[in-house]
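So the chains spell out like this:
There are 2 protein chains.
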Amino acid sequence: MKIAFVVFNDMTLLDFVGAYDTITRLKTLKYKTDLRWDICAYTDMVRDNHGFKIIPDKVRNNLGKYDAVLVPGGVGTRSLQNEEEFLDWLRTAAAVQYKISVCTGSLLLGAAGFLKDKKATTNYMEYDSLKQYCLEVVRERIVDDNNTVTSGAVSSSIDLGLYLCEKWSGPEAKEEIRKMIDYKK
Amino acid sequence: MKIAFVVFNDMTLLDFVGAYDTITRLKTLKYKTDLRWDICAYTDMVRDNHGFKIIPDKVRNNLGKYDAVLVPGGVGTRSLQNEEEFLDWLRTAAAVQYKISVCTGSLLLGAAGFLKDKKATTNYMEYDSLKQYCLEVVRERIVDDNNTVTSGAVSSSIDLGLYLCEKWSGPEAKEEIRKMIDYKK
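As you go down the protein sequences, you meet chains A and B in turn.
The numbering of the first sequence is our numbering, which starts it at 1 and goes up by one.
The numbering of the second sequence is our numbering, which starts it at 1 and goes up by one.
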């Protein structure tokens, strides 16, 4: 399994890192020894909403080659949802099996057209913004509609990561990883 | 107030980001309008334990000019605790008012000599490793001994951040930030 972790300017770093930390432990703990991933971006360098500087592994690469794509949220989504060049790049993920977002990352999945026939969720303050893009906004922490998996505000990133650990490797994997990071039930 | 967020090779990214996300909201929500921070490192580029690439704001800078220094944990601490050049750089923080760590970051505070007369904690699997460096190992999620604040395993980073939000700006700030990131009580 190969995952594309998408990063972009003015993202919220914790949206990405909660899921990244938990999911990548599937490899270090040998639940998924074939797990690989790239940090993927549309720009050569990415700065989060406070200027934290990230060098992505891949830039404007074809996302169609991954099994999963994960998009975090952040204030940057508000402009990116209207930037066709960025969205065209994101649309290269159209055939990807697992389309995943944290927080307002769902606005980007939506703007790319990936949520048209899907139930989805987002940051609790942005339910109205998501309506235009999806079949139904569900006010839950995690919504999984046939492998399109969206989650709520920032800290839900950890819950989403643990949810995917269970989905991909079973309840034991989830529980071991939860204990390892000492995350409350 | 000015904070040095220390990053280093083979760190655990979530150790840093949970505290970074919550503390920096003190500025965006205007609880501490004068809050500033730098991402500080001993090397020009930093890669976390999976190779995630970070460009620090400052390299080998004098940490004595900050009001707080925050050190995350990760497998990289096991070698860094014996690297005198790195520790000499960290020791420039000797006069810093708030010395803070997440997870095994306390091994680095300890190796720098900052915990000699302090109670402290660390990752629950590394209590024995911390003994040599501190007055007493306390098996709690957060230990605050006269502004030397240490916390437990990975996800305690968010709790530590919220604890510091309350310490520095009061319970209302903590609660607003907790709700904003939708973190469970």
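Honestly, I wouldn't trust all of these hints.
One copy or two, it doesn't matter: identical chains are merged, so the pair holds either way.
As the list claims (entries may be wrong) - With a cut-off of at most 27 Å between alpha-carbon atoms, the simulated DSS-like pairs for lysine-lysine come out as follows:
#1 LYS30 - LYS53
#2 LYS131 - LYS179
#3 LYS2 - LYS53
#4 LYS58 - LYS32
#5 LYS184 - LYS116
#6 LYS119 - LYS167
Honestly, the hints are just simulated from the structure, not real lab data.
Going through the hints against the structure:
no.	hint	verdict
1	LYS30 - LYS53	between (30 Å within a copy, 23 Å between copies)
2	LYS131 - LYS179	between (36 Å within a copy, 23 Å between copies)
3	LYS2 - LYS53	both (24 Å within a copy, 19 Å between copies)
4	LYS58 - LYS32	within (22 Å within a copy, 37 Å between copies)
5	LYS184 - LYS116	neither (34 Å within a copy, 31 Å between copies)
6	LYS119 - LYS167	within (18 Å within a copy, 40 Å between copies)
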